[in-house]
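Visitor: Line by line, the protein sequences give chains A and B. Here the first sequence stands for residues 486 to 852, where the numbers follow this note's numbering. Here the second sequence stands for residues 486 to 852, where the numbers follow this note's numbering.
Source of the hints: derived by calculation from the structure; they are not laboratory data. Here the structure is a predicted model, which is why all the values come from computation and not from measurement. Hints are supplied without guarantee of correctness; some may be wrong.
Identical copies go unnamed one by one, so any copy, or any two together, can satisfy a pair.
What the hints assert, rightly or not - With a straight-line Cα cutoff of 25 angstroms, these simulated SDA-like cross-link-like pairs (lysine to any residue) come out:
no. : residue 1 : residue 2
1   : K831      : M775
2   : K528      : E614
3   : K652      : E823
4   : K528      : E618
5   : K762      : A536
6   : K528      : K652
7   : K652      : R624
The chain contents come next:
Protein chains: 2
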Amino acid sequence: MTSRVESSLQTQLDRIDRVRTARLARAILRDEHITLSHGSGGKSTHTLIDALMVPAFANAALDGFADSAVLSTNGVGSPRFAFTTDSYVVSPLFFPGGDIGSLAINGTINDLAMSGARPVCLSVGLILEEGLEMDVLRRVIASLAAASAAAGVPVVTGDTKVVHRGKADRLFINTSGVGIMRDGLNLSVESVRPGDVVIVSGDVGDHGLAVMLAREALEIEADIRTDSAPLHELVAAILAAAPNTRLLKDPTRGGLATTLNEIARHAGVGIAVEEEKVPVKREVRGACEMLGIDPMHIANEGKLVAIVSAEEAHAAVDAMRAHPAGVGSAIIGEVRSEPEGMVILKTPIGGSRVLDMLVGDPLPRIC
Amino acid sequence: MTSRVESSLQTQLDRIDRVRTARLARAILRDEHITLSHGSGGKSTHTLIDALMVPAFANAALDGFADSAVLSTNGVGSPRFAFTTDSYVVSPLFFPGGDIGSLAINGTINDLAMSGARPVCLSVGLILEEGLEMDVLRRVIASLAAASAAAGVPVVTGDTKVVHRGKADRLFINTSGVGIMRDGLNLSVESVRPGDVVIVSGDVGDHGLAVMLAREALEIEADIRTDSAPLHELVAAILAAAPNTRLLKDPTRGGLATTLNEIARHAGVGIAVEEEKVPVKREVRGACEMLGIDPMHIANEGKLVAIVSAEEAHAAVDAMRAHPAGVGSAIIGEVRSEPEGMVILKTPIGGSRVLDMLVGDPLPRIC
Numbered sequence: 486m487t488s489r490v491e492s493s494l495q496t497q498l499d500r501i502d503r504v505r506t507a508r509l510a511r512a513i514l515r516d517e518h519i520t521l522s523h524g525s526g527g528k529s530t531h532t533l534i535d536a537l538m539v540p541a542f543a544n545a546a547l548d549g550f551a552d553s554a555v556l557s558t559n560g561v562g563s564p565r566f567a568f569t570t571d572s573y574v575v576s577p578l579f580f581p582g583g584d585i586g587s588l589a590i591n592g593t594i595n596d597l598a599m600s601g602a603r604p605v606c607l608s609v610g611l612i613l614e615e616g617l618e619m620d621v622l623r624r625v626i627a628s629l630a631a632a633s634a635a636a637g638v639p640v641v642t643g644d645t646k647v648v649h650r651g652k653a654d655r656l657f658i659n660t661s662g663v664g665i666m667r668d669g670l671n672l673s674v675e676s677v678r679p680g681d682v683v684i685v686s687g688d689v690g691d692h693g694l695a696v697m698l699a700r701e702a703l704e705i706e707a708d709i710r711t712d713s714a715p716l717h718e719l720v721a722a723i724l725a726a727a728p729n730t731r732l733l734k735d736p737t738r739g740g741l742a743t744t745l746n747e748i749a750r751h752a753g754v755g756i757a758v759e760e761e762k763v764p765v766k767r768e769v770r771g772a773c774e775m776l777g778i779d780p781m782h783i784a785n786e787g788k789l790v791a792i793v794s795a796e797e798a799h800a801a802v803d804a805m806r807a808h809p810a811g812v813g814s815a816i817i818g819e820v821r822s823e824p825e826g827m828v829i830l831k832t833p834i835g836g837s838r839v840l841d842m843l844v845g846d847p848l849p850r851i852c
Numbered sequence: 486m487t488s489r490v491e492s493s494l495q496t497q498l499d500r501i502d503r504v505r506t507a508r509l510a511r512a513i514l515r516d517e518h519i520t521l522s523h524g525s526g527g528k529s530t531h532t533l534i535d536a537l538m539v540p541a542f543a544n545a546a547l548d549g550f551a552d553s554a555v556l557s558t559n560g561v562g563s564p565r566f567a568f569t570t571d572s573y574v575v576s577p578l579f580f581p582g583g584d585i586g587s588l589a590i591n592g593t594i595n596d597l598a599m600s601g602a603r604p605v606c607l608s609v610g611l612i613l614e615e616g617l618e619m620d621v622l623r624r625v626i627a628s629l630a631a632a633s634a635a636a637g638v639p640v641v642t643g644d645t646k647v648v649h650r651g652k653a654d655r656l657f658i659n660t661s662g663v664g665i666m667r668d669g670l671n672l673s674v675e676s677v678r679p680g681d682v683v684i685v686s687g688d689v690g691d692h693g694l695a696v697m698l699a700r701e702a703l704e705i706e707a708d709i710r711t712d713s714a715p716l717h718e719l720v721a722a723i724l725a726a727a728p729n730t731r732l733l734k735d736p737t738r739g740g741l742a743t744t745l746n747e748i749a750r751h752a753g754v755g756i757a758v759e760e761e762k763v764p765v766k767r768e769v770r771g772a773c774e775m776l777g778i779d780p781m782h783i784a785n786e787g788k789l790v791a792i793v794s795a796e797e798a799h800a801a802v803d804a805m806r807a808h809p810a811g812v813g814s815a816i817i818g819e820v821r822s823e824p825e826g827m828v829i830l831k832t833p834i835g836g837s838r839v840l841d842m843l844v845g846d847p848l849p850r851i852c
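Just chain A, with the same shape it has in the complex:
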């Protein structure tokens, strides 16, 4: 038995190595200038990271995919910690249901939570444009502080820089975060295997659309608010109910479609999703149809994707639905051995099509 398990693990690892090598080899950066799509979280972002960042900073902790780096402190037996960083350049600064401040706190908490860490503390780095109204700064700082207090994760260090008028767009925020890893977890893309179940924690597409509607003078009247929320307590509930959870990811830039594609590629598996099971609000679906955008390509800031074993799937969904941040949770698909590296969407009328990751950027600067 043991040897069969080991051999199956070796096969799995070989496949992942093969997929990674192929991915890095493909990452040829042909652009001579940075474009907005390099910040989309989609294909261009992946090419940029794989071609420029991963080779430059090559080390064990940085794999270009994890939401946080996981490191040991000093020596065997010490607690491991998670470390993550995110910059926020959303425009406008304020939008229905949230603003750049609460977004920056929740987003970084979520990156820590997805890696299985309990968030411990955050930093806030501000880049301010000369001429920014002090009242705007006051509101953003109040929002940062309120979100930090609501989540129970303190801001412990900070930095402020000012650039000349016209050299930034009012206000950018970097939040980095440190968390302590739970013992005994093995959340990793390597643990994803055929037969696993794909769960999403609620309606997708709200955040990106809320920001876009706040920004553009569109003739769409819809009450769409950001879903920005801290997910660390929802993660705690999932891990308690489904201790063998394979992987948690928050589908932010590039949306659910990009996140599922990333998982399929990095794990060297196929993912089959039933389109009608993916929860999307009626208003969001309507607005997306008018704009010609797929809600599965739109960023979320308060949702997660959980890949769990078939045995633990119902326990996980029940626990998620019992939590305020996961009431809309649904099983939307399953992991298969093939087609390797691809996501297949099964339509309600019995057809199926490939669901690709985001290409280009229909919604720049939504986080």
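Please build the complex by placing chain B on the supplied structure of chain A, with the hints as guidance.
Guide: Here is chain B on its own, set in the frame of chain A:
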């Protein structure tokens, strides 16, 4: 004996409390808009932090003065860690002796080192302007990677955002960092006391002037290069030679004068500096005279100020001079009980004057 020591400590703590309360009470923010001087590291920056940030994020770890927050992981006996963040908006991106990439790595390493931590890992968050030349990004990433490798502190996580053309100035970098605290250290402004000795690790003013000369089309021809360097190994040498070191600070924005004023104010002590003992390169002094700037108000990126006990002062200076990053180290002054919160500069001809912290910002965006 014990009671006298305790009573003296209590007096010291009472004075620090009084100074802090007075400082926060003074911090009334009258500006209605952000100005460049809010990013100078001088008086306006302090007012902004004291009036807006410290009250909003009030917690034990954040005191608005330390270079890093120091926190315990989880529970008694766990190692304590240090956490810091810094954004870099220097213009131009490349200047004699360095660039924004090496600056961002060294600066954050130094913030960790000043808190007495051994730097463990760094994050890099990039904000890119649409249209940035890919070759510029390549050079900056190569510089980040080279500085990280040279210092032995890996970049383990990152983030990339892109904003529209005209909404940033080519490239901004945030580097955050985590370090593990050494046991048994008590580096803190509270431990500074009259009789202590003030040491600086070398020539001051190089960095800010190098950037300014690279930026402005000035009629000054001088070979002035940034001093940007990682100081964590110099700190290790100091702490080995002078284990009772009171405080380490890197005099970056606002320069040596601002750093000494911060120490005097936060510790509730006076600091007397002998002007002729402060090391300044001849070219730097000459350029400063032409520009009407005091080299003590100019940012350094590879220097530190050490406050050590009189007993350990010579051991500290000897150890510093024996290290490549500290060959120009010099004792420049001493801590006195008064004038409380002030820095007095003793001139070569026997006079003395108050050395204030930076007011306004003669050199914006030098880091």
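Visitor: Hint by hint, say whether it matches the structure.
Guide: Hint by hint, here is what the structure shows:
no. : hint           : result
1   : K831 with M775 : within (23 angstroms within a copy, 73 angstroms between copies)
2   : K528 with E614 : between (31 angstroms within a copy, 18 angstroms between copies)
3   : K652 with E823 : neither (48 angstroms within a copy, 43 angstroms between copies)
4   : K528 with E618 : between (37 angstroms within a copy, 19 angstroms between copies)
5   : K762 with A536 : neither (36 angstroms within a copy, 50 angstroms between copies)
6   : K528 with K652 : between (28 angstroms within a copy, 23 angstroms between copies)
7   : K652 with R624 : both (22 angstroms within a copy, 21 angstroms between copies)
Hint check: violations occur at hints 3 and 5; the rest are consistent with the structure.
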